[in-house]
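Just need the whole structure built from these sequences, with the hints factored in.
Chains as they are written, first to last, in our numbering: chain A, 23 to 150; chain B, 2 to 702; chain C, 129 to 288.
By construction, these hints were calculated from the structure, which means they are not laboratory data.
C-beta: ideal position from N, C-alpha, C; glycine also.
Watch out, some of these pointers could steer you wrong.
To be verified - Partial chain B-side listing against chain A, Cβ under 10 angstroms, derived:
| hint | residue |
| --- | --- |
| 1 | A17 |
| 2 | I20 |
| 3 | L61 |
| 4 | G209 |
| 5 | R302 |
Claimed, not checked - Quick list of the computed label-pair ranges, beta carbon to beta carbon:
| hint | chain 1 | residue 1 | chain 2 | residue 2 | range |
| --- | --- | --- | --- | --- | --- |
| 6 | B | T65 | A | K118 | 24 to 32 angstroms |
| 7 | B | E409 | A | R70 | 37 to 45 angstroms |
| 8 | C | T157 | B | R619 | 44 to 52 angstroms |
To be verified - List time: in silico DSSO-like cross-link candidates among lysine-lysine, alpha-carbon distance up to 30 angstroms:
| hint | chain 1 | residue 1 | chain 2 | residue 2 |
| --- | --- | --- | --- | --- |
| 9 | B | K187 | A | K101 |
| 10 | B | K632 | B | K544 |
| 11 | A | K99 | B | K193 |
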Amino acid sequence: MVRILLVEDSVSMRSFVRACLGSAQSALGEVEVVEAASGFDALRLLPRSHIDLVISDINMPDINGLELLNFVRTSEKYKDIPVLLISTQSSERDRKRGLALGATAYLPKPFSTEELLASTLAALGHRS
Amino acid sequence: MVDSIDKARDEFFSEAQEIIETYSRNLLAIDESLTGGHSDPTLVNEVFRAVHTLKGLAGLFGATAMGSLAHHLEDLLDDLRLGRAELTRAVLDLLFSSIDVFGKILEAERGGSEAAPQGLTNLLERLAQLAGHEEPEPAMVTDYELDPGMLAVLTEYEEHRLRSNLEQGLRLYRLRVKFDLATLDKALEEIKERAKRHGEIITYLPTGESSSIETIELDLLMASHDDLSMLIGSLASEHVIVEEVARKADLHGSPLSRGRSVRHEVSLPALSKPLGVPEENAEMALASPDRSLRSLTQTVRVDIRKLDRLMNIVGELAIVRSVLAKVADRVRTDGQPQLASELLRVHRNFERRLTEMQDGILEVRMVPLGQVFERLSRVVRQIGRELNKEIRFVITGAETEIDKLIVEELSDPLMHMIRNSIDHGIESAAERARVGKPNAGTIALNAFQKGNHVVIEIEDDGRGIDENALLQKALRLGKINLNEREELSREEILGLIFLPGVSTREVVDDVSGRGVGMDVVKTNISHLGGVIDVQSEPGIGTKMTITLPITLAIVSALLVKVGQDIFAMPLNSVSEALSFDGRGVRVVDGREVMTLRGQSLPLCRLARVLCLPEQDPRARKFVVVASVGSKRMGILVDYLIGQQDIVIKPLGKSLAHVRGFSGATELGDQRVGLVLDPAALIEEVLLSGENAREKGMRAHG
Amino acid sequence: MADLTRVERRGHLRRAAQVGPIREFLAFTLAGELYAVELTTIREIVSPPPITHVPRAASDVLGICSVRGLLVTVIDLRQRLRLGDGSGSQRTRILLSETASGEVVGLLVDEVRQVIRLGASEIEPVASVLGGEISAHVQGIGRPSSDAIVLLDLGSIVGA
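Here you go:
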């Protein structure tokens with residue numbers, strides 16, 4: 023079973039991604055999506071159960087996606103978890119920073135179901 | 002999969018709606034702070050994020066018009082928040098226009114319509130005109146001893162905030178805090194509250210160090226004018242360490258030498274007088290970004306249809322409870338007193354719990370009037386500009402709560418009344434100066450709870466209602482005749498404003514067309530179970546008072562029968578009911594009147610008024626004495642059925658032409674009974690016997 | 129609606145290729161004649177529950193009724209289109225539809241027949257005057273076979 027931590031402050035966005043991932047049963051087998059509405063929620067949820075992939079928005083208030091990514095990458099326990107960043111294209115700078123900080127992949131919005139699935143599969147393929 | 006995508010789409014509309022509302026509130030707050038001469042960067046960022054989110058959502062759900070508009074607005078707002086563009090009145094106006102256009106786009110998308118909504122092209126053109134900004138400046142090298150790792154994880158916006166705080170000469174501090182994951186939310190709120198009193202928190206960075214799995218350590222980066230000792234005094238604790246981030250060297254090249262002024266003080270536009278805003282409103286609006294963040298985690302968004310369904314069930318349970326009481330009675334007369342008292346106990350218990358549940362659901366349906374009032378603020382601003390009148394809009398009692406359904410139906414009537422007020426009531430600036438009134442006209446909106454009702458008052462300090470003009474118009478339209486004109490009391494003259502055709506303009510103009518008549522407003526209000534009153538003083542102003550039931554939900558009613566038809570009368574308008582034998586009825590001024598305990602009571606035969614076949618006039622009837630305010634009337638019906646709790650549901654717009662009913666209710670067994678509106682009936686019958694009845698009939702032609 | 133055999137289904141597909149994009153219509157009778165409205169405009173079809181007469185309402189309003197708690201105004205479609213009286217029967221039904229303002233109204237019809245599929249080429253625009261109140265609400269004439277079905281524009285009827 024694959025457990026994905028989805029960090030995104032927009033309710034309908036979470037709904038959409040969840041629906042997309044739900045359709046990935048055939049490729050991924052059983053998928054459980056754990057939702058976090060903020061960076062803080064994510065920090066709370068990380069220790070609770072084993073996470074196979076983090077999908078996170080960049081622009082969130084308080085703890086932003088880059089900071090979350092950095093936390094994951096510098097933590098002994100979580101550093102190998104692949105992180106897929108989703109965000110808008112308009113900040114090229116944020117994108118570069120994200121990749122420099124060790125994001126596994128970057129998916130600009132708006133993305134289609136196929137693109138999300140492809141990126142998810144690719145990111146999971148990086149699992150060690 | 003399709004199912005969940007549909008659900009996601011529904012949530013998209015619901016979320017988009019909320020975002021647009023928040024966006025609107027924030028724009029109003031920005032407007033106020035602009036007028037006050039300062040700007041709050043948080044607000045501009047909130048607005049940017051709202052539009053940014055809308056863009057992302059729109060792209061996902063294929064709402065191309067929305068996405069395109071959001072995309073252009075986002076570019077503008079990004080420039081604004083990063084200081085690359087200036088927030089002028091023109092820009093703010095444009096942003097306000099975008100709210101209406103977004104609203105229309107959302108409606109169109111929801112209905113699946115392909116047509117481009119009105120105003121979209123115009124708005125996009127205006128946006129294009131504003132576009133064309135400077136090249137983004139190179140990232141500033143910070144001269145502070147900030148961990149480069151920390152810099153690397155700042156988003157572009159956060160970096161901008163950091164820079165601008167430094168440019169203004171604030172000092173930089175790092176707060177290292179340790180939290181228990183369990184109590185994180187509360188602790189976070191607390192530290193935010195305290196820290197915000199000193200300055201701006203730029204970002205929160207998890208350090209990655211923590212002593213246990215249940216704790217988290219964060220670095221808060223904040224900027225403040227206050228010095229270290231003050232901050233330590235206020236914020237430091239066993240969980241919080243405050244350190245100043247030292248400066249390496251002086252900043253070389255002051256910001257001004259870059260040839261751009263610091264865009265945080267926004268210049269006031271050349272208005273004759275800024276639009277004043279009351280303290281309370283400003284405070285409320287500025288405080289809302291924080292408050293709204295908290296409420297996001299503690300509230301649940303509920304579809305009003307689900308609440309309606311719950312209310313239906315409660316209504317049906319109320320019927321079950323009545324039946325239970327009747328069964329208990331029958332059991333007793335059947336000779337089983339012990340069983341009967343047990344049943345009665347059950348009934349009482351049931352009644353208690355049902356009342357609790359009813360109250361609970363009613364509470365959920367209640368929303369503060371502030372929702373509608375805020376929307377009206379925008380309308381006032383807009384109309385004021387259209388009509389070239391300065392308006393001071395004062396709101397009090399926005400926290401007064403009322404049923405959500407009523408709130409939805411209120412915005413139109415309130416908007417029409419305000420429009421009338423601004424259009425007809427408030428004089429032009431010149432005229433006001435002549436009579437010594439302040440330049441800006443004031444419209445005060447006040448709301449408060451009074452027993453089982455909510456009272457909303459709309460008062461203006463305009464020229465008041467011209468009684469003579471009103472009388473002339475009513476005469477001309479044939480609403481009254483010359484005799485009546487002599488006899489009308491002041492109150493009745495003002496009441497003429499609610500007759501169809503009287504309050505609309507003669508000449509159609511661009512701005513408000515013919516305007517919406519006060520008769521429509523009155524009908525709308527009465528369909529909600531409310532009444533409306535008007536007072537006016539020439540030269541001083543006009544005040545409209547709307548009294549509404551707190552909720553459309555359950556009321557106690559008296560069920561009556563006329564022929565084969567069952568009607569319900571809300572008990573709070575019934576003072577008594579008695580049997581009637583036809584004796585002692587006189588005809589006075591063409592109207593039937595009877596004597597009740599020495600006083601005369603005008604009568605109304607319900608069958609006649611409703612154009613229903615009349616039963617044998619000699620059969621026994623009943624009089625239900627209806628009283629609304631100071632007026633009383635005896636309503637003649639064929640049978641009294643009994644008392645019942647009912648859920649009043651409003652009649653649809655298809656029946657808007659029918660007078661005399663405030664809705665309908667289920668009577669059990671899938672049958673429906675109409676609910677009488679005593680106030681409307683009293684008025685109809687007492688207004689002037691024949692005349693009124695004709696009007697009642699003409700209304701449905 | 130009758131089950132389609134494989135042959136019929138293939139036939140439908142072939143037909144679709146010939147007549148253009150297919151739209152679905154719900155056919156019903158009024159005063160002996162066959163009419164239809166676009167299926168997407170119909171929310172639900174119900175057997176008439178007890179209808180309460182609304183005094184002083186317009187003459188083509190039969191009254192109001194409750195459908196699972198929702199208050200619905202019921203309009204006598206025959207009367208609204210001035211088609212003359214007919215007699216009620218066991219088979220009368222109420223078609224529920226949503227107006228532009230979001231209200232759900234019900235239209236009483238004599239008998240609901242079936243769902244008819246019409247391609248663009250099977251619909252004739254209305255050139256001639258049909259007489260009566262009805263012509264304002266006619267969208268076209270459908271001819272799936274030799275019979276003619278008057279296609280009504282529900283939106284204009286309930287909006288009226």
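Checked hints:
1. Checking B/A17 against chain A by beta carbon gives a least distance of about 8 angstroms; that is within 10 angstroms, so the hint holds.
2. The interface hint given for B/I20 holds, since its Cβ lies 9 angstroms from the closest Cβ of chain A, which is under the 10 angstroms cut-off.
3. At a threshold of 10 angstroms, the smallest CB-CB gap from B/L61 to chain A is about 5 angstroms, leaving the interface hint in force.
4. Interface restraint check: B/G209 against chain A, minimum CB-CB distance 4 angstroms, threshold 10 angstroms, status holds.
5. A distance limit of 10 angstroms between C-beta atoms decides the matter here; for B/R302 the minimum to chain A is near 8 angstroms, and the interface restraint holds.
6. Remark: the range hint 24 to 32 angstroms for B/T65 to A/K118 is upheld by a beta-carbon distance near 29 angstroms.
7. Evaluation of the 37 to 45 angstroms hint for B/E409 and A/R70 yields a pass: the beta carbon distance comes to about 41 angstroms.
8. For C/T157 and B/R619, the Cβ-Cβ distance of about 46 angstroms falls inside the hinted range of 44 to 52 angstroms, so the restraint holds.
9. For the hint pairing B/K187 with A/K101, the CA-to-CA distance comes to about 28 angstroms; that is within 30 angstroms, so the pair holds.
10. Among the hinted pairs, B/K632 with B/K544 is consistent with the structure: their alpha-carbon atoms are about 22 angstroms apart, no more than 30 angstroms.
11. Proposed proximity of A/K99 and B/K193 is supported: the alpha carbons are some 29 angstroms apart, at most 30 angstroms.
Checked against the numbered hints given earlier, this structure breaks none of them.
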